[in-house]
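J.: Chains W and P, in that order, give the protein sequences.
Numbering-wise (my numbering), the first sequence opens with residue 1 and increments by one.
Numbering-wise (my numbering), the second sequence opens with residue 1 and increments by one.
Worth flagging that the hints you see were computed from the coordinates, not collected in a lab.
Beta carbons: idealized from backbone N, C-alpha and C, even for Gly.
A portion of the hints provided could be inaccurate.
Partner residues are not named here, just some residues of chain P that face chain W (Cβ under 8 Å, in silico) [unchecked claim]: (1) ASP244; (2) PHE261; (3) GLN264.
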Amino acid sequence: MQAMRRPGSTDITLSAPTLPLPAPSASPGISSSQIALVLERHTLVIPPFQLKRGRPTFLHRTELRIDLHTIEPDLYRVHAVQDFWSEDDNPDLTQCIAGIFLARRREIGTWEEPERWPTECRLLAVLAIVDTRASPYRLAPPAAWHRE
Amino acid sequence: MTDPAAMKPGPDADQHAFDVIQLTNELPTGKLGGVGTVIDGLASGLRKLGLSVLWFLVDEAAEPGRTTPFSLEGAMVEVGTLADLRRFSAPVLHIHCYEPHQRLLELCRERPSLYTIHSLLNWEARSNDIDLTPSIRWQEALIGAAARVVVISEAERSAYSALGYLDLNPNVSVVPNGVRRAGTFRSPRGTATIGFCGRLVPRKRPEYPQLILKDPHFGACRTLIAGRGFSQYARDLLARERLDSRVDYLGWCAGPRLEAFYEQIDVLAVPSVYEPFGLAALEAVARGIPVVCPGSGGLIEALGDHAYYYKDTSYEGFQSAMIRWIRSSETERDARAKAAFRHYNQNFTEVHMAQSYVRIYAEMAGGPASGGISSIRQRNPKSSNPSFGV
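Okay, chain W solo, but in the shape it has when bound (with noise of 0.2 Å):
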């Protein structure tokens, strides 16, 4: 499980059976348009990706299908971070596991942090805003959405 699940989060699914991954994208800055997102109505769609961010790589080997109906209406930014929450057996220490971290903007304005307990993970890129506060739901490059 590669997906960040804990408490407060959203319910995440794993489509099977693992797709071959991209190459990997450079850092820093990885843009968002190098992993290419889906909106399927309802459902946010992450396809596997590897990102590059010095040393290591960081893999997400399956196709991840999230249910954005599960989640309150706001404006959520889909984070790509370090899982610390994954037992990993990989015994090549240059690849580590990432995962999906959806955080929702607070009232201040600011955004939820994958780093803050309990989610404890690592923010590796800014991957898009997804807005689903009114049916259709739309994706955006994070560039692209200015405060509201």
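Starting from the known structure of chain W, arrange chain P on it as the hints suggest.
T.: Okay, now just chain P, sitting in the frame of chain W:
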């Protein structure tokens, strides 16, 4: 409230009789971690001593017929609710739990039970500056409910006493953890890579082996961090000290990845403020890796005279011990590593741990005269002499 009668051995329990039942609610997901490492070692040790053991993983949400998430060498592993436990019988129930479970208290009063405290939660709370009050209260209730208690070092027995827990249960023994030999003993090691292994909580001071990279003595070094749970503090430390290019966070390492970690590092830093035993330090010693740590708590018992100690838990103390390590000759590092290995091999293998527990099981079961565990061992003797060479 569960009917206590439901927890007593059922009518068909004799068909599922064991020398001891090991019970935990820590591992139903199959994630191992520190307690899991001890359990894995104990399973191996008890098998070598010829005991029949059931490992019972408590999961109150378990569905009938659920398969076990992992196997333990030579042992039967079951997942189920506490009520399912009535299908099995043993003279002793050996408990390894942190997670509160009220019905377990009732079970302790129904069966002769031994509770191993792998960590005193009261000290965990103090050293991490967090509120664990509900878990502490539950641990205290479990201490009071168990027939006997085991702590894993003399330092822990002192801490147990200082907390007033002898009033809860005076029947406390010390059984040090044991580590199964794994990986490759390789010594001498170099001086390039500093390792840290453990949950990334304040009491373990994971910042120390990162900050040390700023010291000129360590200008050519890098640090590998293996462990669960990142934090804002860790993020900000990397950014503020500009250490991102020299520190690799490997995440929660298990199996071959943990082995690869130990293979790569040249020293293990264990700068914990509170360390009940020091399991990672012992794992390092078993592989020929020098250890730098405070000369206190369970660490000094596990490592003898063979670590690079410092007197207090300050960063300055850690820094001075690290400098002693990096300045030491290859010959000295090799001699220390070999002496530490001998200390481990003579005192802290998984068989040593299992032997200590078997003595306690036998006492609890009433000894040979009553047909307890001792008589079972006499029927099925196996070699119990651990012997490894460097």
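J.: All hints, please: hold or fail.
T.: Verification of the hints:
Because the smallest distance between the Cβ of ASP244 (chain P) and any Cβ of chain W comes to about 6 Å, under 8 Å, the interface hint for this residue holds. Interface restraint check for PHE261 (chain P): the shortest CB-CB distance to chain W comes to about 7 Å, inside 8 Å, so the restraint holds. A distance limit of 8 Å between C-beta atoms decides the matter here; for GLN264 (chain P) the minimum to chain W is near 7 Å, and the interface restraint holds.
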